[in-house]
Amino acid sequence: MEAADALRALAVVEVTDRPEVYLTLRAVLASGQDAQRVFDEVFWEFWGARQREVDAGAPGEQGTLALDGQRALDRVLLEWHEADEDAGGEGERVPAYSPVEALTRKDFSAFSADELNEITAVVIAIARRVATRLSRRTRAARRGHLVDLRRTMRASLRSGGEILEILRRERRLQKTRIVLLCDVSGSMDLYSRFLIQFVYALQHAVGRVETFVFSTGLSRITGSLAHEDLRAALDEISRRVPDWSGGTKIGRSLRRFLTEYGTVLDPRTVVIIISDGWDTGEVDVLEAAMAELRRRTAKVIWLNPLLASPGYEPICQGMRVALPYVDIFAPAHNLESLKRLERYLTRVS
Amino acid sequence: MHPEVSRIQELLSGQGYIADRAIATSVYLSIALRKPLLIEGAAGVGKTEVAKVMARALGTDLIRLQCYEGLDATTSLYEWNYQRQLLHIRLSEGGERSVAEREAEIFSEAFLLKRPLLNAITQAQAPVLLVDEIDRADAEFEAFLLEVLSDFQVSIPEIGTITATTTPYVVLTSNRTRELGDALRRRCLYLWIDYPSFEKELEIVSRRVPAINGHLAEQIGALMQLIRRLRLEKTPGVAETLDWSAALMALHRDHLDREAVEETLGVLFKHQDDATTVRTQWLEPLLDGLAVLEREGRPWSQELIARAADRLQTRR
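These protein sequence lines map, in sequence, to chains A and B.
The letter at position 185 of the first sequence is residue 185 when you use my numbering, and the numbering goes up by one with no holes.
The letter at position 160 of the second sequence is residue 1160 when you use my numbering, and the numbering goes up by one with no holes.
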């Protein structure tokens, strides 16, 4: 279909004018900014001549040069920005934590069985908060707060135009899918018990959760978690996931997730990443993957169990490039921090 | 260049829209092939303006459908005029006609309120249909729109099928807050509008704010290039440049200095955070950058400004 369009388009322009042919084919064939960049490469490679006399608007040589400069600048800017944050500290949007408090509160790495239930309750509240919201679309309902004029009118005809009953509509409840991506690498070892608890509670709280674990590779564990028994689930996961507690390649894992399981994402999906952001892979892979994730979903939430640990600063490479694409970045090291996240979500939604 | 492309470029420029060749070619193709034109780009680069200017250049009407979350058929396609229907029922009370007959009467075209989409396909002369910010509508609406745009007919249960009298010129814009479906992309020609280069923006400013002096316009253009390199909540677009130029004119400023910039920050930055960040962190480097450029001598160019900006950050 596009080929036919391209031919039709070429028929109405000056085919001997290369820049014009370039612009024409680009408009027809490359249906997105990324696609245009690819098209750019291919077109000029095919036609040999690198003289891109097309002016602005073409993401050509001038564009790429500017882009590199931009990147370098961005990096510098971000560093300054972060230096400031450490002083003033907006704690990335979620109410700030204080290191003192972190020391007085018990970490998840040492939580007791009594706290299990409470944790589960908070996680469920968080899940409900991010997983449902009112749609702008409506449906017929007996006790809605909106009047359904269309149906009211129709019903009134039966009684000779007298309106005996006002029929109503209400706003639909929109269900969101949650995708959970958990880092299970060595640096997260201490927190893996919390993590499993979180994952398990979430999976049981909302119907549509897809859960993946990653370290150097990525595995989907939604199926294993369907077990009613937590211990059995844990056992099965540790059997099935070979690289539990290895190093982390967050970028590559996310990329694999996007390519292999990308279809579970839609513009309403909320993605929750639980990781400390210690990435041993290539930084630009991570950045590209985060950008795509952000674009294809409704919200990206990053929970960091190490955020409040003394000595941890969220400035490791991975975290730094990922942050601009994260909507909510919050500590998740103890019950108090989870509760705070829940309260925060109540305020914003 | 195809004569039509340059004609369209002139038409657009006659309407005060500075279009580079990529924009003019896309508009031309969209008109020649009658394919919808999907325009993406950051907010404030003049996406909506393309449709408005296109309508003026073609001498036809512009019908605008502003998208928002939850937009559905009743607000985009048609709705019944309930008040009129009620009145009609009252007035025809006591008549001999049966319920079925009266129902047919009030659900006829006379009682139909045409919303933008239906309006666009039932005009005598093909209008320009602007579907603005399609990314803000949900995926269901996108599918619905696709259906209307490929069949150019609408079926209304009470009346039947209404077929298009004319095919409108369709322009869709998106700010990329959400990824659009592939089906929609395939149906459309695609145009990405970036922030303008220094040269293009200078031309736009001198065209739209004719009273401005050349020196101030250049300073504004250069500073915009530098500002757009900062990481901000909302990068100012061309609309902000024009507002800023007008604001500086109104304050009788003939060049940019600390005071002039500080006074007018609110015109440029629509986020409190951005205004604060720029005031506290970036004002100094930005003015430094301007000073560096002043020493370089004229004329300024995109490359010169880019170089100045690079030097600025390595020095810090």
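Since the hints were derived computationally from the structure, they do not count as laboratory data.
Where is the CB? At the ideal position from N, CA and C, for every residue including glycine.
Please note that the accuracy of each hint is not assured.
As the list claims (entries may be wrong) - Some, not all, of what chain A presents toward chain B, calculated at C-beta under 10 Å: (1) E14; (2) L23; (3) V28; (4) G32; (5) R137; (6) L149; (7) T152; (8) R158; (9) L167; (10) R171; (11) T263; (12) P267; (13) R296.
Unchecked claim - Below are the SDA-like pairs computed for lysine to any residue, each with C-alpha atoms no more than 25 Å apart in a straight line: (14) A/K175 - B/D1072; (15) B/K1200 - B/E1240; (16) B/K1052 - A/V12.
Stated by the list, open to error - Counterexamples of contact, computed for chain A against chain B with all Cβ distances above 10 Å: (17) A121; (18) A201; (19) S219; (20) E336.
Now for the hints, and whether the structure bears them out:
The closest approach between the C-beta of A/E14 and any C-beta of chain B is roughly 4 Å, which is under the 10 Å cut-off, so the hint is satisfied. Residue-level restraint check for A/L23 holds (minimum Cβ-Cβ distance to chain B is 4 Å; threshold 10 Å). The beta carbon of A/V28 comes within 6 Å of a beta carbon in chain B, closer than 10 Å, and the hint placing it at the interface holds. With a cut of 10 Å, the hint placing A/G32 at the interface with chain B holds, because the nearest CB-to-CB distance is about 6 Å.
Contact between A/R137 and chain B, as hinted, is supported at the beta carbon level, the nearest pair being about 5 Å apart and thus within 10 Å. With its C-beta approaching chain B no nearer than about 5 Å, A/L149 sits inside the 10 Å limit, and its interface hint holds. Interface hint at A/T152: satisfied, since its Cβ lies 8 Å from the closest Cβ of chain B, which is below the 10 Å cut-off. About 7 Å separates the beta-carbon of A/R158 from the nearest beta-carbon of chain B, less than 10 Å, and the hint is met.
Annotation: A/L167 was flagged as interfacial toward chain B, and the flag is violated, the nearest CB pair being 12 Å apart, outside 10 Å. About 8 Å separates the beta-carbon of A/R171 from the nearest beta-carbon of chain B, less than 10 Å, and the hint is met. At its closest, the beta carbon of A/T263 sits 12 Å from a beta carbon of chain B; the interface hint therefore is violated under the 10 Å criterion. Hint status for A/P267: holds, given a least beta-carbon distance of 4 Å to chain B, under 10 Å.
A least Cβ separation of about 5 Å between A/R296 and chain B falls short of the 10 Å threshold, and the interface hint therefore holds. With a CA separation close to 19 Å, the supplied pair A/K175 and B/D1072 stays within the 25 Å bound. Distance check on the hinted pair: B/K1200 and B/E1240 sit about 15 Å apart at the alpha-carbon level, within 25 Å; holds. Note on B/K1052 and A/V12: the hinted pairing holds, with a Cα-Cα distance of about 24 Å set against a maximum of 25 Å.
Its beta-carbon lying about 31 Å from the closest one in chain B, A/A121 satisfies the requirement of being farther than 10 Å from that chain. With a cut of 10 Å on Cβ distances, A/A201 stays outside the contact zone with chain B, its closest approach being about 29 Å. Once the 10 Å rule is applied to beta carbons, A/S219 is consistent with being away from chain B; the minimum gap is 26 Å. With a least beta-carbon separation of about 27 Å from chain B, A/E336 lies farther than 10 Å from that chain, consistent with its non-interface assignment.
Taken one by one, the earlier hints fail for this structure at numbers 9 and 11, listed in ascending order.
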